[in-house]
Amino acid sequence: MHGAGFFYQALVYLTAAVVSVPIAKRLGLGSILGYLLAGVAIGPFALGLVGEEGQDVLHFAEFGVVLMLFLIGLELEPSRVWRLRGPILGLGGLQVGVSTAVLAAIALVVGLDWRTALAVGVILALSSTAIVLQTLNEKNLLATHGGQSSFAVLLFQDIAVIPILALLPLLAVSGIGAHGDADAEHADTWVAGLPGWAETLVVLAAVLFIILAGRFLLQPAFRAIARTGLRELFTAAALLLVIATAMLMTKVGVSPALGTFLAGVVLARSEYRHELESNVDPFKGLLLGLFFISIGASIDFGLVGAAPGRILGLMAALIVSKFLVLLVLGRIFKMSLDQNILFAFSLAQGGEFAFVLLSFAVRYNVVGETLAGTLIAVTALTMAATPVLMLLNEKLLQPRVGTRESGEREPDEMDEQSRVIIAGFGSFGAIVGRLLRAKGVPATVLDLDSDRVDLLRKLGFEVFYGDASRSDLLHAAGAGEAKLLILAIDSVEKSLEMVETAKKYFPHLTILARAQSRDEAYELLEAGVEHVFRDKLDSSLKLGVEALRLLGFRGHQAHRAAQTFRRHDEHAVRELAAMRHDQKLYLGAARQRIEDLEELLQGDLADPGEMWDAGWDPDSLRQEYGGRTREERDDS
Amino acid sequence: MQRILILFAHPAFEKSRVNQRLAAAVQSLDGVTFHDLYEAYPEFDVDIRHEQALLEDHDLVVLQHPFFWYSVPPLLKQWIDLVLEHGWAYGSGGTALAGKRVLSAISTGGREEAYRHGGHNRFTIGELLAPIEQTFVLCGMKYLPPFVVHGAHGMSSGEIEEHAERYRRTIQALRDEGSESAEDAL
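First to last, the protein sequences are chains A and B. Heads up, the first sequence stops at 858 in our numbering, and the numbers go up one at a time, no gaps. Heads up, the second sequence stops at 195 in our numbering, and the numbers go up one at a time, no gaps.
Just so you know, the hints here were simulated from the structure itself, not pulled from any lab data. The C-beta atom is built at its ideal place from N, Cα and C for all residues, glycine as well. Wrong hints could be hidden among the right ones.
[Unchecked claim] Which residues of chain B face chain A? A few of them, derived with a C-beta cut under 8 Å, are:
1. PRO20
2. PHE22
3. TYR47
4. GLU48
5. GLU52
The task is simple: from the sequences and hints, build the whole structure.
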């Protein structure tokens, strides 16, 4: 319909996103609600710009969820996942189990067959990874106790989808219900027709393959790609990696999101992690946006309009029962009240898995077509309601609850972002990095020399490959939360580029830059960098001090001379930087500066008592208390 | 023979008259370690372990410095703060210095009359040195009556030479006898 070429669709979706998201953001509703509303607007029940094909777009856009899980995996090192095993299994298992029981009981009460009730219960027990994680991320709540618990539960749900898919056919109401197309879809995988134990073995083999490939194959591959220096090749490789993983997992009958999550975790310790992140992130953002738009577009308002009371009732029943179960579980797991409420609000909706599982259940005759349609609408509406509920929680409820946990209280749970980013880890940056590390300040290091990155990582440094002049890479390296950006690279052009990027996208960052010459210092100062350090200044002054000492000067006197020289010279550089472009003014001022310094130095040589540090031995004091001047004394 | 450690602190030694001569008078005496702090640590980065080892190797510590603003020069204060560690110099187990002796050897710009009640400086030298005395008493050390050169600002070469000689004799006596009589000589 609508002559729906690719460009037409792109035009509609992109326009909807570009128009509605800024408006939603402006109104404080968050981007997800914006996307959802955009979907509703272009959907068949408002403007009607997209129709049936919305469903296909939804399938395509689900890939955004896959990318998101990959990115989350990248952020989570294996040890962190291991530390989360308690919440994942305990909290996640209980949430799925108890919610299933409660929802199934409700379904039984309204008169469904027990098998249908159980299927509906387990399908609706799952929550929406996409909505929840994106919302928590946007609100910067992912690192809080409640956020972490939500994440753990979602991870368990992702795993649980596999056995649920296996369970659903067993719940078929009429034994002969298995439809051909369902079989056909299953036949598409490699595990079709295999006995259960073999299927498990194949899945385990695939998982093992991902882990081993991530460890031993990808590292050299990425290094080779990095050496070419072609950025787009890296993007291609990153996407290829995700798509290949997703396909492999689909082939063995596992959720592709889970597979890419695993791939992400395996690569979390890789030096290419930040580069991968920044390459995949825009795709994830776009596809997730598309995903949310399609959810909005696919809400069947015809169905809602026909029985608004029924739909609203079901929505309320779903949200309230899930909410209460979560609240009780949070209590058991000793969450503080504010975190518990956050946790419960986060996960109280139906999830995108419900769409897949419901159509699957229909094919196997577990759930009737009409019921499935209703439930899909309810699920989509509860997903759409989640950002609203979270907003209400944030604005109305949380201020009343009191103790607000800050996102920084449990930095160990989520990958804590370093407060310092060091660009360039050559001899200069390495010293800075080592000093910071000696004082326990973790720094994220970015370097463009893949061989050096490799070597330094072998020595145990946290170094990542990447070009720090890219805003997306800076973002991935944690520039949003960092305090300092240290530019220690060789090329001043690159440094200036980074300064520009940082000033534009991360104005809160304090920049400390290295300059290899006076001219470079001028340029950096002019670009607005306050903390500029000339490479050679300190070492040459040190050498000068040593030379003076070898000539017989007192150590402290030489040191003080160097300090004075330094202060004077730093001041001069800053003053001259301002007038550098006015050639005449500059030359005049420079000459004056040199003369000043000479005078100062000569004065010091001629009369060590007068120019500096007069406080230690003032002649005036001698004169007053001693009654004699130095000249007289020297004569005596 | 008592082993003597002279901790010498003068930020502008090259400009000093009195302290140059005083230092020269004792620098090369047998059994005396002359430790020029401003030369050893021009950037104030005191090597704590090295200083503690030096203290352990000596019986008597002399703090020689100009009496700037009624106190020790900043590097000597830095030295006190860093070297006299809790648990080493004082506190439980801090007995490394117990039984050793300390002597302040200072030069003042003002004349002796200024350092008395009602005088220009309102307090006696002993009173003004109380914080230093207490510092070392807390470390279990015996604080000797100070060696003072008053009126350094207006002193003739001959006068300075007399003081230098007096300083040398005092240090020698402390080294050779370590007895009450040497302390009496102060």
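Does the structure break any of the earlier hints, and which numbers would those be? No numbers; nothing is violated.
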